[in-house]
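> Given next are the chains, with one letter for each unit.
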Amino acid sequence: MPTSLVDADLILALDIGTISTRAILFDVVEGRYRFLGAGATPTTADAPAGDISEGVRRALDQLEEITGRRLLGPDGQLAIPALPDGTGVDACVATVSVGPPIRVVAIGLLEDISAESARNLAATTYAEVLETFSLNDKRMTATRLDTLLNLRPDLIVVAGGAEGGASESVINLLEAVGLACYVLPREQRPEVLFAGNSALVRSVKDTLGNLASVHVAPNVRPSLDIEQLAPAQPALSQVFRQVRARQMRGIAEIDRWTGNRLTPTATAFGRTIRFISKEYAQTHKGVLGIDVGASSTTVAAGYAGDLTLSIYTQLGLGSSLPQMLRLCKLEDIQRWLPVEISNNELLDYMYNKAAYPANLPLGPIELAIEQALACQAAHLAVRQAMKAYPSALPRVLPEFLPLFEPIIASGSAFTHTPTRGQALLMLLNALQPTGITTLAMDRNNLAAVLGAAAAVAPVLTVQSLDSTNFLNLCTVISPVGQAPFGAPILRIRLTTEDKHETNREVKYGTLEVIKLPAGQSGTLQLTPLHRFDIGLGGAGRGGSLKVIGGTLGVVIDARGRPLRFSADPGRRREMHKKWQALFEA
Amino acid sequence: MMHASITHILAGTSFRRERLLPMNGRVVVRRGQLVSPIDVVAEAVLSPEHLLLDIARGLDTSAGEADRLLQCKAGDEVGEGDILAGRLGIGRRVVRAPYPGRVMVAGEGQVLLQLDGQPQELKAGYPGLVVDQIGERGVIIETTGALIQGVWGNGHINYGLLSTQTATPDALLTVEQLDVSLRGTVIFGGICRDEQVLRAAEDLPVRGMVLASMDSALVPLALRLNYPIVLIEGFGHLPLNTQAYKLLASSERREAAINAEPWNRLAGTRPEVILAAPSQAARPLHVTGTDFSPGQTVRVVSRPYQGQVGTLAALQPGLSRLPSGLSAPSADVRLENGETVLIPLANLEILI
Chain Y
2 MPTSLVDADL
12 ILALDIGTIS
22 TRAILFDVVE
32 GRYRFLGAGA
42 TPTTADAPAG
52 DISEGVRRAL
62 DQLEEITGRR
72 LLGPDGQLAI
82 PALPDGTGVD
92 ACVATVSVGP
102 PIRVVAIGLL
112 EDISAESARN
122 LAATTYAEVL
132 ETFSLNDKRM
142 TATRLDTLLN
152 LRPDLIVVAG
162 GAEGGASESV
172 INLLEAVGLA
182 CYVLPREQRP
192 EVLFAGNSAL
202 VRSVKDTLGN
212 LASVHVAPNV
222 RPSLDIEQLA
232 PAQPALSQVF
242 RQVRARQMRG
252 IAEIDRWTGN
262 RLTPTATAFG
272 RTIRFISKEY
282 AQTHKGVLGI
292 DVGASSTTVA
302 AGYAGDLTLS
312 IYTQLGLGSS
322 LPQMLRLCKL
332 EDIQRWLPVE
342 ISNNELLDYM
352 YNKAAYPANL
362 PLGPIELAIE
372 QALACQAAHL
382 AVRQAMKAYP
392 SALPRVLPEF
402 LPLFEPIIAS
412 GSAFTHTPTR
422 GQALLMLLNA
432 LQPTGITTLA
442 MDRNNLAAVL
452 GAAAAVAPVL
462 TVQSLDSTNF
472 LNLCTVISPV
482 GQAPFGAPIL
492 RIRLTTEDKH
502 ETNREVKYGT
512 LEVIKLPAGQ
522 SGTLQLTPLH
532 RFDIGLGGAG
542 RGGSLKVIGG
552 TLGVVIDARG
562 RPLRFSADPG
572 RRREMHKKWQ
582 ALFEA
Chain P
43 MMHASITHIL
53 AGTSFRRERL
63 LPMNGRVVVR
73 RGQLVSPIDV
83 VAEAVLSPEH
93 LLLDIARGLD
103 TSAGEADRLL
113 QCKAGDEVGE
123 GDILAGRLGI
133 GRRVVRAPYP
143 GRVMVAGEGQ
153 VLLQLDGQPQ
163 ELKAGYPGLV
173 VDQIGERGVI
183 IETTGALIQG
193 VWGNGHINYG
203 LLSTQTATPD
213 ALLTVEQLDV
223 SLRGTVIFGG
233 ICRDEQVLRA
243 AEDLPVRGMV
253 LASMDSALVP
263 LALRLNYPIV
273 LIEGFGHLPL
283 NTQAYKLLAS
293 SERREAAINA
303 EPWNRLAGTR
313 PEVILAAPSQ
323 AARPLHVTGT
333 DFSPGQTVRV
343 VSRPYQGQVG
353 TLAALQPGLS
363 RLPSGLSAPS
373 ADVRLENGET
383 VLIPLANLEI
393 LI
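Here the protein sequences line up with chains Y and P, keeping their order. Just so you know, the first sequence maps onto residues 2 to 586 in my numbering. Just so you know, the second sequence maps onto residues 43 to 394 in my numbering.
Calculated from the structure, these hints are not laboratory results. Any given hint could be a false lead.
Claimed, not checked - Label pairs and their computed distance ranges (CB to CB):
(1) Ser292(P) / Asp138(Y): 31 to 37 Å
(2) Glu381(P) / Lys388(Y): 50 to 56 Å
(3) Gly310(P) / Gly77(Y): 40 to 46 Å
(4) Glu60(P) / Ala568(Y): 49 to 55 Å
(5) Arg187(Y) / Gln175(P): 29 to 35 Å
(6) Asp138(Y) / Glu85(P): 27 to 33 Å
(7) Gly117(P) / Lys139(Y): 42 to 48 Å
(8) Arg376(P) / Pro459(Y): 31 to 37 Å
Every residue, glycine too, gets a C-beta built ideally from N, C-alpha and C.
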């Protein structure tokens, strides 16, 4: 029987990624959820299996072997709830990221307002917006119809009409959608998600109801100056599930196991970041989560319970890798490399990796390339995501990353590095945080499944957000300002609990580490020089604060913002090696 | 055990391939028919154009009245100038079809006309026998011959006699090799690093090109060319694996069919080269999934051993530490040069 604290004892979490499928089992031991074990196998969405449930069953076989528990019933199905003989689990949650981006056409009244909100909503799941229709474009209905038939979208996201300001224009824009659905065979018709003026729901359903599957979400643009994406995201997740179930065998079965709560991995990841941001509301800073995966890069920023979720399917490290070059040049990737590789070699590597996305870096050169690619993906994603952050967020300067506490990295590009120092350096280079923040690592890549679990077992989520799963890498101090390289810009005194003092004068252009054993607390006294800003209330303002030691102590990134590298490639590579060596010591 | 991916390099096999339109169209071959790779098996107007005609405005009347005056209904085929709506008789106002097409919707004062368009053709892609028809979308073709699966293709289909232009698995293909005697052939080259080679082959023209590898910088050009290109190993300076090399090098003047469709793992399609072979040598293709086990012939698909073939000597228990510092399920692979190397299973595929 479940304990009084929890809704279900034995919880199975499935994580179906592009490369691998994991099955993770949690149970309640002495009133707390404990991780019992995990099984992992390659995802089997690809031919010849072509059915994700095969990979899930293989992962469950491993899990059964590891934990000694039987999970599948005699019929081969997951037993939920558990059978009297103990076979099965009390609940199952699952996240999914495998599959191509769903193809979306966005529709809104005005290009820069509701149509943009429709696009922004689509960007909160694994989607590619192929086209936008709005009143601004003067295409005839028949031309729009041809565009829809040509593009064959999986989903049409419709926004428009402020609350209380009904507009027939939205209905007129749907004429082409209705005709497209009429012309297309039923199995090829797009799903339609209406997230506009709630007063128009009936008209939309009357217009499309018999032709298309219409889903309704709260208005993403309730007024001209307010965009609210979060309330519409559950409906979007539901549509995503339906589209994926149509595209991939096995999705519908796993969705049934979860009680129709199969969640896009990025959505679930965002849920965890939002949850943590509530816990950190007193810091008056946001919480940033970054997950670089094979199918996409996800950036989730939470502010006291509000979430901005951005998913970049063109920034995955798998089959879409060459698409990254639509957003940057090879030289932009080269700048993160500590080894000498020609642009041709780098490009060849990207194309070969796209052909074999599951490949692991065998040697140090391949590892350096993979880390540079992950770094660039994270860098591009965060720079793009920042544009949507509220202007009221505390920040040192508008062009830099706002102040976050903490920053959490997920995805094997960060969590499976041979050393923690490599992960830290990738994060510092890619995100370039400002002020003072904690960098943490979702070391078991559980953030997403914990987000999915929040729906059925919130206690599991709460109890798992600890250092067992979220490793404190370090507290990083990143001063922002102007000074000649080599000039002192910050004085630091770290006093540990046992009154041991470390004093340091940090010079501009350097990266420094002060040892503070993991878990041990200390007090930092910070005195910026040359009016450098460390996020303590303005330029030149210092102060003292308590810190807890992370795996890599306290790090001072005084290399400047934005990071600038030597134009001489050899010198730049030497700098990278020097920084890496700093964390290996 | 870890599920393994498979690449086929087979001297003689028989296998079936689905050839499908993205939507319903018209299948133009029949069951039992022999087809060549460039024969059209089905066709459809994939990007139809439409006209939405405002009948009510054309007749200067209400929508309801216009509906009563409709002279066509959904599904009707109409020719240019055919009357769509209006009262019949001399001097009466009518609305005529501006182009030939098909009435898709008629009502509420409007007519949606789908214009006759040029159908797009689906080629067979493989030489063989049409063994089944899949509704109005396509067919299943059974083919027999040597099969070599590739890593990348530029989307085209063709066939011709194979002409070997590489003396070793890692020879560079040069412009000087492409003389007029190669016109109409499928070139088997080694490595291509020069865009002039690709352009010269188009000028000849050739019917196709099978390469071990190619500079990735040539991808945009390769995609614009009108003959099929298949890469067996991938991108960069990668020699051809010995199995594929022996098979191709011994197939001079044999008919080679190239289906250079992109590798889509979800859909189960990948670029393939089929060399004509006597059917009695064929054994059915193994298509089910399999696990890694010692004794299998494997190919390494990542640097620094990319393209090398070997024998899986032993599966390592648990996770092995790689030179990169990462830990992963791995195997000892005895390469053809006698060297035994540790390779993560994720970087191996079974050659069958």
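> Hints first: check each against the structure and report whether it holds.
A quick look at each hint next to the structure:
At roughly 59 Å, the beta-carbon separation of Ser292(P) and Asp138(Y) lies outside the given 31 to 37 Å, and the hint is violated. In this structure the supplied range 50 to 56 Å holds for Glu381(P) paired with Lys388(Y), their Cβ-Cβ distance being about 51 Å. Distance hint check for Gly310(P) and Gly77(Y): the Cβ-Cβ separation is about 24 Å, which falls outside the suggested range of 40 to 46 Å. Under the hint 49 to 55 Å, the C-beta atoms of Glu60(P) and Ala568(Y), about 54 Å apart, fit the expected range.
Between Arg187(Y) and Gln175(P) the beta carbon distance is about 21 Å. The supplied range of 29 to 35 Å is therefore violated. Separation of Asp138(Y) from Glu85(P) is about 32 Å and conforms to the stated range, judged on CB atoms against 27 to 33 Å. Under the hint 42 to 48 Å, the C-beta atoms of Gly117(P) and Lys139(Y), about 31 Å apart, miss the expected range. A beta carbon spacing of about 53 Å between Arg376(P) and Pro459(Y) contradicts the range 31 to 37 Å that was offered as a hint.
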